Amino acid sequence: MAAEHAHSTHEHDHGHAPTGLMRWVTTTNHKDIGTMYLWFSFAMFIVGGIMALVIRAELFQPGLQFVEPEFFNQMITLHGLIMVFGAIMPAFVGFANWMIPLMIGAPDMAFARMNNWSFWLLPPAGILLTGSLLVPGGAAATGWTMYAPLSLQMGMGMDMAIFAVHILGMSSIMGSINIITTILNMRAPGMTLMRLPLFCWTWLITAYLLIAVMPVLAGAVTMTLTDRHFGTSFFSAGGGGDPVLFQHIFWFFGHPEVYIIALPAFGVISHVIPAFSRKPIFGYTSMIYALASIALLSFIVWAHHMYVVGMPVAGQLYFMYATMVIAVPTGVKVFNWIATMWKGSLSFETPMLFALGFLFLFTIGGFTGLVLAMTVVDVQLQDTYYVVAHFHYVMVAGALFSAFAGVYYWLPKWTGHMYDETLGKVHFWLSLVFFNLAFFPQHFLGIAGMPRRVPDYALQFADFNQISTVGAFGFGLSQLLFLYVVLKAIRGGAKAGDKPWEGATGLEWTLSSPPPYHSFEVPPVLK
Amino acid sequence: MTPKTKWFRNISLTGLLLALYTGLAQAAYEINFQQSATRIGQDINDLHNWMMVIILIIFVGVFGVMFYSIFAHRKSKGHQAAQFHENTWVEVAWTIVPLIILVVMAIPASTTLLHMRDTSNPDITIKATGYQWKWGYDYLKGEGEGISFKANLATPQEQIHGTAPKGEHYLLEVDHPLVVPVGKKIRLLTTANDVIHSWWVPALAVKQDAVPGFIHDTWFRVEREGTYRGQCAELCGKDHGFMPIVVEAVSAEKYTQWIGEQKKLMAAAADDPNKLYTPEELQTRGEKVYAANCVACHQATGKGIPGAIPALDGSKTVLGPKHDQITTELNGRPGTAMAAFGKQLNDVEIAAVITYTRNAWSNHTGEAIQPSEIKASR
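Protein chains in written order, with the working numbering: chain H, 1 to 527; chain C, 1 to 378.
Bound conformation, chain H alone (with noise of 0.2 Å):
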């Protein structure tokens, strides 16, 4: 067997194995289509961050200025669905293709040409999203949460949308399987489930959510089309449908995809956080308990979206519960976190600075969305710009910063070289400050009064939106900068021996920094 293994590693080494494009059209290599999940994401970050500062350019003072409303209503659409499906979540199954299997000692995922096709998948809806722009009619204009009946009166940006949307749906469940056999069958003899790495615990935990919702989704979107062109109405009141029945099918996806979003994010920091406070994380069981926890309630939460639809009383009362009591487990993991930090050896190099900044950040959205939990302060404060300040907290600050962290805690793994230390923290310092500057505002904006959705606004929001533009454009442009961080650490930078963090541990660290084509060739064992 040991010797088959070696003569196939030596054939794809440097027998047919091609070169060039082709090289990472047909790769089936966990690490190349890690990184090609991680470039994709990138380049979609820097298209929704465009589509972005176009909104922000318009509200930074009252009046029409730059675009008309409708096309603002195709940004707001287009901002939201790249970002969640094209920027946020490739990113964190790059991070699962590259991690996964050199954590678990494993030498690539366990499907390797479906996890090829899994990625190959994502260009084309990029391109249907942002092709959209282009035809008659233009994008879908309906918010990325698509709502119907207005889906109903787009013209064929909706359909591609609607599309684009299976195509991911796809490609994510082709993606979760194979994160779920990789980390089940393929472990290194000895690492029991209750010693597998935390950021392959919230893995396994998020790819079971995404194959129970995003068939959800699909379900939706597919309804959608059919109300549109074959004549079915589930939608619509006029054939006995329900229009409010797309937002429960919607936010049934739509909740637990929060979390699909934020628990790789927690796994990153997971790893960050022990690492730079030179100690074990401090409850690694409870941990566990916690996601499993989350993941749990996020099915049953996902009306607290939809307070002032119309639901019953009761129905208001059991989903303000429900929804308070995620606030438990969440609080269980930042408790832990910090209890990993206290009576540590900390060192605050650019990972961890990201890491802080999470914690920081993804708690006063916590807070927010405890506010929010409460029906009756929701009611003042839904559809509003408070609403759009507590989800970047938790989704920019929460996630992207996670992913932050989790580049340059592994980029001298990935790479084999050190990143720029100071420019390092200089971009967290940027995006730290400008992100607050372009989304704490906004929850002011919100409380007194400001509807989210708008291309124009009463003269009293005028100060606040001026402040958040500002903060948003220095925050799409410190950027740039991150890229040319990364660039540079491809390129070149200090030797980064195979484990250059003193307090790293886990079986990642003990390959060569890059590591080897087939990652582990050997299972490792585990003492």
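Treat the hints with care, since some could be wrong.
The list that follows gives simulated cross-link-like pairs (lysine to aspartate or glutamate, DMTMM-like), each with its CA atoms no further than 25 Å apart [to be verified]:
(1) K166/C / E68/H
(2) K77/C / E502/H
(3) K141/C / D239/C
Treat the hints as calculated values from the structure; they're not laboratory data.
Since we're looking at a predicted model, the values are computed, not measured.
Since the structure of chain H is already known, use the hints to place chain C on it.
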């Protein structure tokens, strides 16, 4: 930390503080809820303030520990890492304590919610219907029964496009506010004609989605006379940001007086669809109907918005057979932003606006469409 990054951190911190300071120095920054004109609104504000106090305490506690650790347990100070982990008592405590805090928060939240949802025994019942993009009101029961009108955005297009200075109530003003008496329980039914809208007035603490084909209800009792302004809160298409809500709360006497005026106005404005109108009458009326219903999309110039909204000036439909234009006007164009106006406008209004478009700008058909023709096409 290298001197370079220290220098940078100082600069960025100064910048942030400076921004905060200039922000607070000007008084125009609202950071809390609008002053509420209803009891429920007061309760919500109190609940929110109380929650913020609890949150601030937790915040200071949790991040006090974190920042103390960042300060005291750093490697650069030579702190050695302890290797402890897992402690059942600590873990049980930080699960139970938050749970207790949550229960304490949930009690007042539930009481207020039950109060908020009790729409029984109203004095006046009003139905609010969301249209793309205006609100229609029908007084269904109680004093003022039978009154019915639509409320359009009153801000001129010139202010929106920056060719005229913006007024004090920019985007929060309508041609026909909803008038209610103070101290009376107003039950509001919401529904919609096309897509989902949401009726929201912050100072009244009322937000209720208006769903086409369904009726939901909410209520408010205004305690102080005054004008309260809100907006549609659910994305409903192109002009979602341009369909405000204005509620005027007046004394009981003024309310009775207002009802009298409305009844007279309604009687005077009752259109006779069987009358034969002169082309001039139709055009003058049509211009008004156009300004209230069509101008947001098709523009005052009739040129529309290139790529999104077709022009009416020189349009094939407008200059073609009148039957096609009447059908479009009545039924809309499915799959486009063109709404069906058949239920929103009466025969006279539709006849007038079609006559207007067929004779405005460079369109000179010289035709006058009579209300009877609309009636026949319905």
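> Taking only the CA atoms, is the gap from K141/C to D239/C under or equal to 25 Å?
Replying inline: 31 Å, violated
>> Holds or violated: K166/C and E68/H, Cα atoms, limit 25 Å.
In response: 18 Å, holds
> Does E502/H lie within 25 Å of K77/C when you go C-alpha to C-alpha?
Replying inline: Judged against 25 Å, a Cα distance of about 16 Å means the pair holds.
Taken one by one, the earlier hints fail for this structure only at number 3.
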